[in-house]
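Engineer: For this one, chain A is given, so just place chain B on it according to the hints.
First to last, the sequence lines map onto chains A and B. Counting in the working numbering, the first sequence runs from 3 upward without gaps. Counting in the working numbering, the second sequence runs from 3 upward without gaps.
Keep in mind that the hints were calculated from the coordinates and are not lab data. These figures come from a predicted structure and were not determined experimentally. Among these hints, one or two may not hold up.
If chains are identical, the list can't say which one is meant, so a pair holds when it fits in one copy or spans any two.
Stated by the list, open to error - Straight-line alpha carbon distances no greater than 20 Å define the calculated DMTMM-like cross-link-like pairs of lysine to aspartate or glutamate that follow: (1) K185 / E200; (2) K36 / E202; (3) K263 / E56; (4) K263 / E141; (5) K263 / D190; (6) K5 / D57; (7) K263 / E274; (8) K263 / D57; (9) K5 / E201; (10) K19 / D194.
Number of protein chains: 2
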Amino acid sequence: MAKIVRFHQTGDADVLKLEELPLQEPGEGEVRLKVEAIGLNRAEVMFRQGQYLEDPQLPSRLGYEAAGTIDAIGPGVSDFQVGDRVSSIPAFSMQKYGVYGESAVVPAYAVATYPETLSAQEGAAIWMQYLTAYGALIEYGQLQSNHYVLIPAASSSVGLAAIQITKAAGAVAIASTRTAAKKQALLDMGADQVIVTEEEDLPSRVMELSAGHGADLIFDPVAGPFLETLAQAAAPGATIFEYGALSPEPTPFPLFAALAKTLTIRGYILFEITQNPERLARGKRYVYDGLQSGKLKPILDRSFALNDIVEAHRYMESNQQNGKIVVTV
Amino acid sequence: MAKIVRFHQTGDADVLKLEELPLQEPGEGEVRLKVEAIGLNRAEVMFRQGQYLEDPQLPSRLGYEAAGTIDAIGPGVSDFQVGDRVSSIPAFSMQKYGVYGESAVVPAYAVATYPETLSAQEGAAIWMQYLTAYGALIEYGQLQSNHYVLIPAASSSVGLAAIQITKAAGAVAIASTRTAAKKQALLDMGADQVIVTEEEDLPSRVMELSAGHGADLIFDPVAGPFLETLAQAAAPGATIFEYGALSPEPTPFPLFAALAKTLTIRGYILFEITQNPERLARGKRYVYDGLQSGKLKPILDRSFALNDIVEAHRYMESNQQNGKIVVTV
Chain A
3 MAKIVRFHQT GDADVLKLEE LPLQEPGEGE VRLKVEAIGL NRAEVMFRQG QYLEDPQLPS
63 RLGYEAAGTI DAIGPGVSDF QVGDRVSSIP AFSMQKYGVY GESAVVPAYA VATYPETLSA
123 QEGAAIWMQY LTAYGALIEY GQLQSNHYVL IPAASSSVGL AAIQITKAAG AVAIASTRTA
183 AKKQALLDMG ADQVIVTEEE DLPSRVMELS AGHGADLIFD PVAGPFLETL AQAAAPGATI
243 FEYGALSPEP TPFPLFAALA KTLTIRGYIL FEITQNPERL ARGKRYVYDG LQSGKLKPIL
303 DRSFALNDIV EAHRYMESNQ QNGKIVVTV
Chain B
3 MAKIVRFHQT GDADVLKLEE LPLQEPGEGE VRLKVEAIGL NRAEVMFRQG QYLEDPQLPS
63 RLGYEAAGTI DAIGPGVSDF QVGDRVSSIP AFSMQKYGVY GESAVVPAYA VATYPETLSA
123 QEGAAIWMQY LTAYGALIEY GQLQSNHYVL IPAASSSVGL AAIQITKAAG AVAIASTRTA
183 AKKQALLDMG ADQVIVTEEE DLPSRVMELS AGHGADLIFD PVAGPFLETL AQAAAPGATI
243 FEYGALSPEP TPFPLFAALA KTLTIRGYIL FEITQNPERL ARGKRYVYDG LQSGKLKPIL
303 DRSFALNDIV EAHRYMESNQ QNGKIVVTV
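Just chain A, same shape as in the assembly (with noise of 0.2 Å):
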């Protein structure tokens, strides 16, 4: 027995049930972890909420990212074995996985192995954040070491890790967030700058630290009237990434500034790195590589129990936190 999270509606965060459940075992193509700590991704309020790209199949698991110990093995794997140190990507559908738990079933594709330097709480805030942040920068945006890189909600820890990737690359990583609050957590976390939008003229910001030549990369979750702002700030030539819908509100497409610019606004999510074997496979090489040389660094916030998962993800529903939230198990 384990166990294992679920919900059997969609809702409040107290839909979450801590329920023990049978060991499940692996099949085809897949393996089972024994779980030491869980990173926690808003996809997965999201989710329980009814509000995700897809619709749980209720009674549901869910999350994205666990670390563990592999302590079973399906059919037709042969790329891990028994013991082995690992970490979920999130490369599934929630309908059929889901990690929070003490043990977790999930498909060999989407498991990996990662620094043997970093703790289980640090290897449950990888893939997620790192991948992401990598598939529109890197991928797509190919990041140049001249770039300037505005990076909205960056607190969170896919903003967070689009900043240590920015820097990676040698160029100028500039956050935004809404208030003053976070603003020197977010300078000693790495930022070059920090814009404060309820203090500043955003726009007009970006041109003064870029000398007049605005952001080349805009890597935004946000959405919604503030669409028109990036695209202000934005340089000549630049692509901004919409990655996210926090917004309640309607997203006007900026077409003037688009045309005078040729701005290129590009819808991306995750799966597009995850579900294509070659950019997996690059995606993966760059985060490893990363993470050994210490240019990549996950940035954790609080760590709960698992018994406090209702708590855990009230607080990410909070937005006090700056970096990973994490469950130890």
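Structural biologist: Frame of chain A; chain B shown alone:
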């Protein structure tokens, strides 16, 4: 002396005046054309109205495209000789140059020879339309033979050029037009399929015509609420090029389609090609070869006399044309 079209105030077509002005001498890096034919563009209507990307400096000449014979060469020009049969490429500012008239001085980098088999009228109907469609579909869109290309407002000269370029690549050209009036003409001019948007549901027709795949490339000068319709018709990973703003209404960004299908929506203008020497050289080569092989063939609508330039502009604004409106000098 030469008859030159100028306007002393922005406004309706009748601000255009035919004036007798002294022949200009070409300066450093410039050549002078004895004009034989002029190709009309919507950009010139917008410029005349004071609604273009750049404002006229009054009194102002206008016009991007003329075909003729070089009759004078300025200092520092080595690529051309007096007597060369060329046409002008829209690679300059109309604040400095305009080709409506019997004589026109233009920068030497903005003229090119065209195949001898083409008439002067056809020569004045090449560069704007083919380079505009080339840049989006070939240079950036990486058009492949298995692509479905959706071409709204397809009866414009640029739309027809896009149909020909799509067909030359072996891909499927789906044209759209508002009313049934131009449907048969579009089929006759090479479109594989024509969707009449006032009578048919565009996304479901595109899905039908592409066996459920959707359009890989969309080349749209309309924008406005129509962009949401186009996003519904797009294939996963599609690119929507926005190269105009014909709709007077605001343009919403189709955020959820963009995320679910990872769409790229890109503001695109011809200057991206004409102001970059390498891209322009590739584009000129592509267009010249296409014209010579017969895969590209300018489609002319009506020809006006230079004296009737006001009427010619009014006709363009009436949106009755299929193909290029030219003025024969």
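Engineer: Each hint needs a verdict: does it hold in this structure or not?
Structural biologist: How the hints compare with the structure:
Only within a single protomer do K185 and E200 lie at most 20 Å apart by alpha-carbon distance; the minimum there is 12 Å, versus 52 Å between protomers. When the C-alpha separation of K36 and E202 is checked against a cutoff of 20 Å, the pair qualifies neither within a copy, at 48 Å, nor between copies, at 56 Å. Taking the shortest alpha-carbon separations for K263 and E56, only the inter-copy value of 13 Å comes in at or below 20 Å, while the best intra-copy value is 35 Å. In the homo-oligomer, the alpha carbons of K263 and E141 lie at most 20 Å apart only across protomers (18 Å), although the nearest pairing inside one protomer, at 22 Å, exceeds that limit.
Neither within a single protomer nor between protomers do K263 and D190 lie at most 20 Å apart by alpha-carbon distance, with minima of 33 Å and 36 Å respectively. When the C-alpha separation of K5 and D57 is checked against a cutoff of 20 Å, the pair qualifies neither within a copy, at 23 Å, nor between copies, at 69 Å. For the identical chains of this complex, K263 and E274 are inter-copy neighbours only, at 10 Å across copies versus 26 Å inside a copy, given an alpha-carbon limit of 20 Å. For a Cα distance limit of 20 Å, the shortest separation of K263 from D57 across copies, 17 Å, qualifies, whereas the shortest one inside one copy, 38 Å, does not.
In this assembly of identical chains, K5 and E201 lie within 20 Å of each other by CA distance neither inside one copy nor across copies; the values are 46 Å within and 58 Å between. Taking CA atoms no more than 20 Å apart as the test, K19 paired with D194 passes in neither setting, with 42 Å inside one copy and 56 Å between copies.
Going down the numbered hints, you'll see the structure goes against 2, 5, 6, 9 and 10, while the others check out.
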